[in-house]
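With chain A fixed as given, assemble chain B onto it according to the hints.
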Amino acid sequence: MTRRSSPRLAGYAGLAALALVAGLAAGRVELVALAAPFALAAVIGAAAGREPRLDARLALDRERALEEDEVPLTLELSSPTGASRVDVLVLLPGELQTARPNPRAVRLAPGEAKTIELPLRCARWGAFSVGPTLVRAHDALAFHAWEARLGAPAPLRVYPSIETLHALLPPFETQVYIGNQVSRARGEGIEFADVRPWTPGDRIRRVNWRATARRGELWVNDQHPERNTDVVLFLDTFAEIEHDGRSTLDLAVRAATSLAHRYLQRKDRVGVVSFGGYLSWLLPGSGTRQLYKIVDSLIQMDVVLSFAAKGVDFLPPRSLPPKALVFALTPLLDSRSAAAILDLRARGFDLVVVEVSPIPFVHPGKGDLADLSYRLWRLARESLRARYERAGVPVVEWRDGVPLNVPLEEVAAYRRYARPARA
Amino acid sequence: MTLAALAVLVYAAVLADAVRRAHGLGALVAEIGLLGLIFLALVLWRSLEELLPAAMVCLGGAYAVSVIVHGASVDERAPLVAAGLLLCCELSAWSLDERLRVAVERGVVGVRAAALAALAGGALTAAALVVAVAAAPAGRGLVWTVAGAASAVLVVALAIRAGRR
Numbered sequence: 001m002t003r004r005s006s007p008r009l010a011g012y013a014g015l016a017a018l019a020l021v022a023g024l025a026a027g028r029v030e031l032v033a034l035a036a037p038f039a040l041a042a043v044i045g046a047a048a049g050r051e052p053r054l055d056a057r058l059a060l061d062r063e064r065a066l067e068e069d070e071v072p073l074t075l076e077l078s079s080p081t082g083a084s085r086v087d088v089l090v091l092l093p094g095e096l097q098t099a100r101p102n103p104r105a106v107r108l109a110p111g112e113a114k115t116i117e118l119p120l121r122c123a124r125w126g127a128f129s130v131g132p133t134l135v136r137a138h139d140a141l142a143f144h145a146w147e148a149r150l151g152a153p154a155p156l157r158v159y160p161s162i163e164t165l166h167a168l169l170p171p172f173e174t175q176v177y178i179g180n181q182v183s184r185a186r187g188e189g190i191e192f193a194d195v196r197p198w199t200p201g202d203r204i205r206r207v208n209w210r211a212t213a214r215r216g217e218l219w220v221n222d223q224h225p226e227r228n229t230d231v232v233l234f235l236d237t238f239a240e241i242e243h244d245g246r247s248t249l250d251l252a253v254r255a256a257t258s259l260a261h262r263y264l265q266r267k268d269r270v271g272v273v274s275f276g277g278y279l280s281w282l283l284p285g286s287g288t289r290q291l292y293k294i295v296d297s298l299i300q301m302d303v304v305l306s307f308a309a310k311g312v313d314f315l316p317p318r319s320l321p322p323k324a325l326v327f328a329l330t331p332l333l334d335s336r337s338a339a340a341i342l343d344l345r346a347r348g349f350d351l352v353v354v355e356v357s358p359i360p361f362v363h364p365g366k367g368d369l370a371d372l373s374y375r376l377w378r379l380a381r382e383s384l385r386a387r388y389e390r391a392g393v394p395v396v397e398w399r400d401g402v403p404l405n406v407p408l409e410e411v412a413a414y415r416r417y418a419r420p421a422r423a
Numbered sequence: 424m425t426l427a428a429l430a431v432l433v434y435a436a437v438l439a440d441a442v443r444r445a446h447g448l449g450a451l452v453a454e455i456g457l458l459g460l461i462f463l464a465l466v467l468w469r470s471l472e473e474l475l476p477a478a479m480v481c482l483g484g485a486y487a488v489s490v491i492v493h494g495a496s497v498d499e500r501a502p503l504v505a506a507g508l509l510l511c512c513e514l515s516a517w518s519l520d521e522r523l524r525v526a527v528e529r530g531v532v533g534v535r536a537a538a539l540a541a542l543a544g545g546a547l548t549a550a551a552l553v554v555a556v557a558a559a560p561a562g563r564g565l566v567w568t569v570a571g572a573a574s575a576v577l578v579v580a581l582a583i584r585a586g587r588r
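Order-wise, the sequence lines are chains A and B.
In terms of my numbering, the first sequence has 149 at position 149, counting the first letter as 1, and numbering is strictly consecutive.
In terms of my numbering, the second sequence has 438 at position 15, counting the first letter as 1, and numbering is strictly consecutive.
Only chain A is shown next, with the shape it has when bound in the complex (with noise of 0.2 Å):
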């Protein structure tokens, strides 16, 4: 533990030395009964220098929580040799809050084990590290302060919030795998698609026996088999706007969640591509599992600034499946990452750009100059869109408030009718 000495001691001593050489050399004894008070305070003040033994445990209820939960955490301190003030502060990350008072002053008898509980509210995804504890403890005239870290940090992932998603948007081309999206494609499946004449391994079971009747020949039933899809979410995340502790980055993290947990459900394989200062990616997946991993994945993902040049030859090329749906989620803020869209479309990947809007976060400056610029910046992001789509790429904006939704049924509408171009 750290020792510190209030300066208040010494000016103790001082005080009392120059009242007693006050006393001495005017031959008062009313000065030296003044130095009385402050030698004995001095004198108390260095006896009382014992350093006492403090010992900090940090719990928390479980490691994991969503979006919004309260983890209790508990805090047991105790002390063999007791101490009259014990300050303590418990280090929480700022996404962390809790209700009840951080720092607490505290009295610890010897031998004495205080419990402090603190509701924490998560009020933002990440990974935390809760802790450690910083104490100070002090003897019963404060003329003296030890301080130490104690208590080893506990670990806490906050998952985001889902949102209910009642429709997915399904991708032009499936997968090989058996899955629960209907193919374009025929085959052996439930759906109905289409009658053609009878061909040599055809089974008995499919033959159409109406249309085989009304034509004279054997026909048979075509169906749409039913596949599994590839879906990439391919995070932007060269830049951020943020603004009262709300980002675009925050957003494009909650859809890519939603998105990830609803396409897991229904069997299909996802994976992650964060592309950015830090590029990392995950390999597309299926299962609870896998659900799991691009959760833990996407909490630690961070904007890291970088001027390097990146394009998506630098992803490996199996985290970028061929026929995969790929799920853009940019605040289309940086022109690397733009770029690397338009390359993808011209790689033909079934590409959807969910433009997380980054309008809610810029509040523009008074002036005739900001408000150009302001409306100049509106108007660049007008013509990327506008590039956009003339690739045949569906972009579509997304607020903060309104629900993931809206802009996926945008997504499905312009699709039923437009198709996709080269770019």
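Hints are computed from structural coordinates only; laboratory data are not their basis.
Since this is a predicted model, take the numbers as computed values, not measurements.
Hints are supplied without guarantee of correctness; some may be wrong.
Coverage of chain A stretches by chain B, computed from C-beta distances (three or more under 8 Å per stretch; other residues unrestricted) [stated by the list, open to error]:
#1 17-23
#2 98-105
#3 381-388
If we take Cβ atoms under 7 Å as the criterion, some of the chain A residues that face chain B in the derived model are [said to hold, decoys possible]:
#4 8
#5 11
#6 29
#7 30
#8 31
#9 34
#10 80
#11 84
So, partial list: chain A residues that the calculated Cβ filter (under 8 Å) puts toward chain B [stated by the list, open to error]:
#12 28
#13 37
#14 38
#15 178
Note that beta-carbon positions come from the ideal geometry of N, C-alpha and C, so glycine has one too.
Relative to the frame of chain A, chain B by itself:
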């Protein structure tokens, strides 16, 4: 705030007593005391704890002037003044400690109040003892001077040691 007000109150009480006793030099004593009061205000307002000894030196100086002006007789209220000075210091320091935004348990406040009361009581007793010993007829002259000088050396040594920590 309460602690700061109490500290100022104690200071004002000691100063008022010194001014009352100073007779002809009341204005000078008041001026010295007011200078100290400015230091105390700075301590309490701007959290400049290092100015606390300066405030006490001013108040002690004002009291010394009043005692010297008053005459040769020993001031019986010297122990109260001495305890008042220490109490003013401790209340100011406590007031500064409480400015940190820490939720304090009742027990913690009680312990410090009890310790302060005990210190004030001890200070009063020590000062009264000094006055009482000085009033005793035995051992006047050289013995007292030597004892006083030894005490001064001891306290100065203590001050140096405390300052080094």
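Evaluated hints:
no.: 1; hint: 17-23; in the structure: holds (count 7)
no.: 2; hint: 98-105; in the structure: holds (count 4)
no.: 3; hint: 381-388; in the structure: violated (count 0)
no.: 4; hint: 8; in the structure: 6 Å, holds
no.: 5; hint: 11; in the structure: 4 Å, holds
no.: 6; hint: 29; in the structure: 4 Å, holds
no.: 7; hint: 30; in the structure: 4 Å, holds
no.: 8; hint: 31; in the structure: 6 Å, holds
no.: 9; hint: 34; in the structure: 5 Å, holds
no.: 10; hint: 80; in the structure: 18 Å, violated
no.: 11; hint: 84; in the structure: 5 Å, holds
no.: 12; hint: 28; in the structure: 6 Å, holds
no.: 13; hint: 37; in the structure: 3 Å, holds
no.: 14; hint: 38; in the structure: 6 Å, holds
no.: 15; hint: 178; in the structure: 60 Å, violated
Checked against the numbered hints above, the structure violates hints 3, 10, 15; every other hint is satisfied.
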